[in-house]
Amino acid sequence: MINPGELKNKVFDKEVALQKDKTDPTSYLTSMFELPSDIIYLCGNSLGAMPKTVPQKMSEALNPGWSSGLITSWNNLGWHRLPLTLGDRLAPLMGAECGEVIVADSVSVNLFKVLIAAIKMRPGRKNVVSEASNFPSDVHVIKGALQNFFPDMELKLGEESDQDILNYIDENTAVVCLTHVNYKTGRIRNMQKITNAAHEAGALIIWDLCHSLGAVPVDLNAHNVDFAVGCTYKYLNSGHGSPAYMFVAERNIQDAPNSLSGWHGQMKPFDFDISFTESDTIEKFRSGSPPLLAHLPIEESIKIYETIEFSELRKKSQGLTQYFIELVEGQCKGMGLELISPRNAEERGSQVSFTHQDGYPVMSALIDHKVIGDFRAPNIIRFGFSALYNTYEDVWKAANILSNILKKEIWKEAKYSVRKEVT
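Residues 3 to 425, numbered by my numbering, are exactly what the sequence shown covers, in order.
These are calculated hints, taken from the structure and not from any lab test.
Everything hinted at is true.
In the DSS-like style, the derived pairs of lysine-lysine whose C-alpha atoms are separated by at most 30 angstroms in a straight line are:
1. Lys-409 with Lys-399
2. Lys-372 with Lys-317
3. Lys-335 with Lys-372
4. Lys-305 with Lys-317
5. Lys-399 with Lys-317
6. Lys-317 with Lys-54
7. Lys-24 with Lys-372
8. Lys-122 with Lys-158
9. Lys-186 with Lys-317
10. Lys-372 with Lys-409
11. Lys-195 with Lys-122
12. Lys-409 with Lys-186
13. Lys-372 with Lys-414
14. Lys-399 with Lys-414
15. Lys-16 with Lys-399
16. Lys-195 with Lys-158
17. Lys-409 with Lys-22
Restraint ranges, calculated between C-beta atoms of paired labels, are given here:
18. Glu-311 with Glu-99: 15 to 21 angstroms
19. Glu-348 with Gln-21: 20 to 26 angstroms
20. Trp-68 with Met-269: 27 to 33 angstroms
21. Asn-77 with Phe-278: 21 to 27 angstroms
Owing to the predicted nature of the structure, the values given are computational and were not obtained by experimental measurement.
Virtual Cβ for every residue (Gly too), placed ideally from N, Cα, C.
Turn these sequences into a full structure, and let the hints guide you.
Listed below in structure tokens is the structure:
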């Protein structure tokens with residue numbers, strides 16, 4: 003292990019980081035999260051930290067919620083309505099209105115639902131446009147939907163640049179389906195420009211917000227977005243396996259069918275009618291019973307976001323990522339790192355990514371030295387920063403430890419090349 007004392011003699015003074023933390027107006031938020039004191043956690047873009055109020059919330063749901071409340075808690079504690087009430091609470095964070103967002107299922111399932119709906123709303127068109135650099139599951143869902151339900155349609159995959167995507171959109175495009183913030187590089191797409199282009203061609207648009215919501219400003223209605231999906235376990239800090247969400251613009255709710263029908267999407271589910279009358283609200287996109295316990299942490303995370311102006315979080319996020327880039331590039335020159343995230347903070351989400359030809363063992367060594375980021379094949383090491391709980395001191399320590407690992411070639415130890423199942 004690296005001796006912390008070795009970190010003192012560095013080009014960039016730690017006092018700079020401490021002063022930044024001292025003047026940070028959002029610093030009080032860190033105390034709202036449960037984090038080990040010896041860990042520098044820079045993986046909020048994969049799994050967010052746990053709000054301290056979650057255990058109590060879960061405990062109350064079990065006892066008395068389940069133990070003595072039993073089935074009455076569906077009504078008495080509002081559990082049945084959680085997919086909608088949580089959606090309404092999330093809506094302001096994405097520039098949506100009440101009744102346009104629902105919390106349910108997974109991102110892949112929700113993407114399937116809105117993709118099928120959007121294609122059916124544009125009959126006779128011949129292609130769906132997405133991106134080769136998209137998160138693989140999104141592309142798998144699109145390919146599966148086309149192969150199984152619309153075999154005459156074609157999937158067109160553009161490259162990473164916005165212009166390349168625009169070049170693929172034409173009068174034959176039914177749907178454009180893109181990720182707002184690239185999961186590997188953190189690059190932000192121009193939502194307004196691409197959405198406008200899709201609409202000018204008569205197409206509908208779906209945005210994946212997995213690496214956006216809670217990290218960067220999102221204003222779906224201002225940009226006239228049709229549909230969006232995203233997860234709650236990254237920057238929304240709602241835990242392993244927490245449900246996803248979907249947004250359907252109010253203007254589309256009536257015409258967008260849910261092709262994964264279930265009893266909770268009926269107009270009156272508790273009439274138990276064998277004939278299906280679809281709800282005329284966003285609840286039409288509900289299918290089965292919600293996994294109640296998995297929904298509860300979402301509310302605790304939302305409460306934290308409701309305490310602060312998001313512009314303050316974005317300002318801090320940009321400060322953290324910019325500071326990290328400056329420290330790493332200043333101390334790791336000639337050590338094999340190459341920045342692949344945008345240098346312009348306005349074009350960057352809340353993560354910083356570098357390539358290194360031995361990225362996996364480098365990240366393994368970092369994790370062993372209590373700096374947790376993650377690795378993405380083939381050679382990318384990612385660092386996700388949450389303005390809610392990360393500090394400038396975290397950034398300073400992480401950059402210095404990374405520098406030491408590279409300088410001393412600690413990552414070359416054989417144990418760091420042993421691949422784990424989850425990276």
